[in-house]
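Colleague: If you're matching them up, the sequences are chains A and B in order.
In case it helps, the working numbering puts the first sequence at residues 1 to 497.
In case it helps, the working numbering puts the second sequence at residues 1 to 65.
Because the hints were derived from the structure by calculation, they are not lab data.
These figures come from a predicted structure and were not determined experimentally.
Accuracy of the hints is not assured; some may be wrong.
[As the list claims (entries may be wrong)] Derived pair list, reagent style DSSO-like, types lysine-lysine, alpha-carbon separation capped at 30 Å:
id, chain 1, residue 1, chain 2, residue 2
1, A, K236, A, K145
2, A, K220, A, K145
3, A, K145, B, K34
4, B, K57, A, K220
5, B, K32, A, K145
6, B, K62, A, K220
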Amino acid sequence: MALTKVCGIETEYGIVVRGGDNNPVSASSMLINAYIAATNRDRGRIGWDFEDEQPANDARGFSLDESLAPEVETMLVNAVLTNGARYYVDHAHPEISTPEVTTAREALVWDRAAEEIVRASMGHVVSLLPEGGEIIIHKNNSDGKGNSYGCHENYLLARETPFGRLAGQITPHFVTRQVFCGAGKVGCELPGRPHDHVPYQLSQRADFFEEEIGLETTLKRPIVNTRDEPHADAQKYRRLHVIVGDANMSETATYLKVATTAVVLAMIEDDELGDDWLLGNPVAAIRQVSHDPTLRQTIMLRDGSRATALEVQFGLLERARKYEQSHGLACVGEAVAVDILDRWEAVLTGLESDPASVASQVDWVAKQRLVDGYAARHDVQPGSARLKAIDLQYHDLRPERCLALRAGLDTLVSADEVASAMTEPPTTTRAYFRGRCLQKYPDDVVAANWDSLVFDIGRDPLRRVPMMEPLRGTADHVGTLIDDSETARDLLDRLGQ
Amino acid sequence: MAERTQKPKSTTGREADTTAEATPAVTETGEKLKAELDDLLDEIDEVLETNAEDFVKSYVQKGGQ
């Protein structure tokens with residue numbers, strides 16, 4: 001049976017500085033430090049521990065030369081939050097990785113919490129800037145000039161799942177899921193094409209994918225990324241590092257993006273999906289689908305036949321219904337399983353009959369409505385910078401500017417739940433242990449990463465507590481233990497450390 | 001009270017006019033959507049960056065992952 005789909009979302013945010021040092025790296029650091037200072041008050045910042053980072057390992061079974069390995073920037077700001085998330089500077093962007101969770105609904109809650117943490121950071125950083133200065137954050141994936149930054153998802157799979165099967169069978173979903181989780185983009189950024197080659201497309205990211213499979217994440221980006229760094233027991237687990245998605249403003253889109261991907265991965269893990277939807281040319285297809293807001297064009301399948309993106313999605317959904325009958329969907333959370341399949345079907349049916357009918361759920365439809373409406377009202381021609389401004393401002397996280405907040409998008413989670421998730425960890429994974437220890441023993445935790453916590457409890461050497469099992473360290477497992485341990489030393493004694 | 005007396009009146013009106021029922025309903029939804037969009041566009045006119053074109057031009061990011 002498929003493993004519980006432990007998952008998480010990492011988002012790199014766009015950053016603009018008005019007034020003050022225009023360097024995005026120092027601005028990102030300032031933004032994060034302002035948040036840490038405002039929320040931790042007199043406590044020291046707890047740093048990230050790089051001991052177990054191996055981004056050069058390739059899931060196809062080899063390791064890159066160190067000289068070619070993706071860079072791990074150890075000198076930049078890198079903090080761990082009490083909700084179990086990591087808040088740091090990656091390349092020239094502020095980035096938040098949500099804590100590990102077990103359902104798409106939890107992923108949505110902690111992704112929304114990350115958004116609110118960034119919003120709060122924008123408020124806190126103002127006092128550090130010259131009079132009238134501000135740092136503006138966008139939750140998007142491209143600047144419209146050929147520069148892209150990612151929103152990655154991560155899913156836990158059994159190590160024995162053959163990587164070749166996984167890469168082949170997940171690709172049709174990655175190419176076609178953009179019909180409901182594309183964030184929408186004015187213009188085209190395909191190398192060598194003019195900006196108005198496509199006036200409006202489904203996805204922020206599709207133009208940037210040049211390979212089917214590979215280790216890169218910053219250039220020649222592959223649809224399936226092979227980074228083999230499970231942040232867990234490598235004998236038992238894989239982590240699929242998904243780099244092909246857009247950052248979503250729509251809660252429904254974030255939820256469905258994670259939920260449907262988890263379901264398709266479970267089917268692949270149990271070898272219940274099969275090869276029916278394998279694609280002939282995935283790189284061409286991901287662009288074709290993104291460039292066609294009519295959703296009518298077909299893409300080529302490996303057997304030479306053709307199907308629309310919606311037909312592929314309906315095919316995957318039909319398989320998922322059968323899989324639910326035969327295997328159940330406990331692996332993606334019993335409580336949300338039926339909701340996932342029903343919402344998936346509803347959004348596909350809506351897109352098939354009239355995309356405008358899902359404007360409250362799908363980002364690219366919501367944004368297109370604003371862009372087209374504005375163009376008609378002001379008689380603005382395609383290609384105008386004012387339409388691109390609407391695109392950018394859809395993702396602007398300043399509440400007084402954000403167009404997504406005004407677009408009538410449905411909400412799936414409450415403001416209270418999101419506010420709580422800014423400081424509280426999920427209860428269902430090891431993130432609970434990480435978050436609770438940071439809350440209760442902040443002076444004794446000297447470093448943290450995904451799979452360990454390092455304590456300093458005085459004269460003894462530093463103590464590393466390994467967390468190689470993502471589903472251990474939950475509230476059920478260690479809640480009482482932490483409640484009963486007044487000090488970190490008590491806790492370590494009880495853990496037998 | 002005014003509402004109560006109003007309600008049966010409109011129901012009677014509908015029943016009497018069954019042949020034309022489908023068209024007004026569609027127009028009604030369409031008009032509601034259009035009104036919503038108009039309100040939304042009014043709001044966008046208010047909050048859109050005043051120098052939208054400069055904002056777009058100066059929005060340059062370093063590539064990330």
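Colleague: Hint by hint, note whether the structure agrees.
Modeller: Hints and how they fare:
1. A:K236 to A:K145: 42 Å, violated
2. A:K220 to A:K145: At roughly 17 Å apart (the allowed maximum being 30 Å), A:K145 and A:K220 satisfy the hint.
3. A:K145 to B:K34: 33 Å, violated
4. B:K57 to A:K220: Satisfied, since the Cα-Cα distance of roughly 26 Å is no more than 30 Å.
5. B:K32 to A:K145: Between B:K32 and A:K145 the Cα gap is close to 37 Å, so the pair fails against 30 Å, i.e. violated.
6. B:K62 to A:K220: 16 Å, holds
In summary, the structure is inconsistent with hints 1, 3, 5 from the numbered list given earlier, while agreeing with the others.
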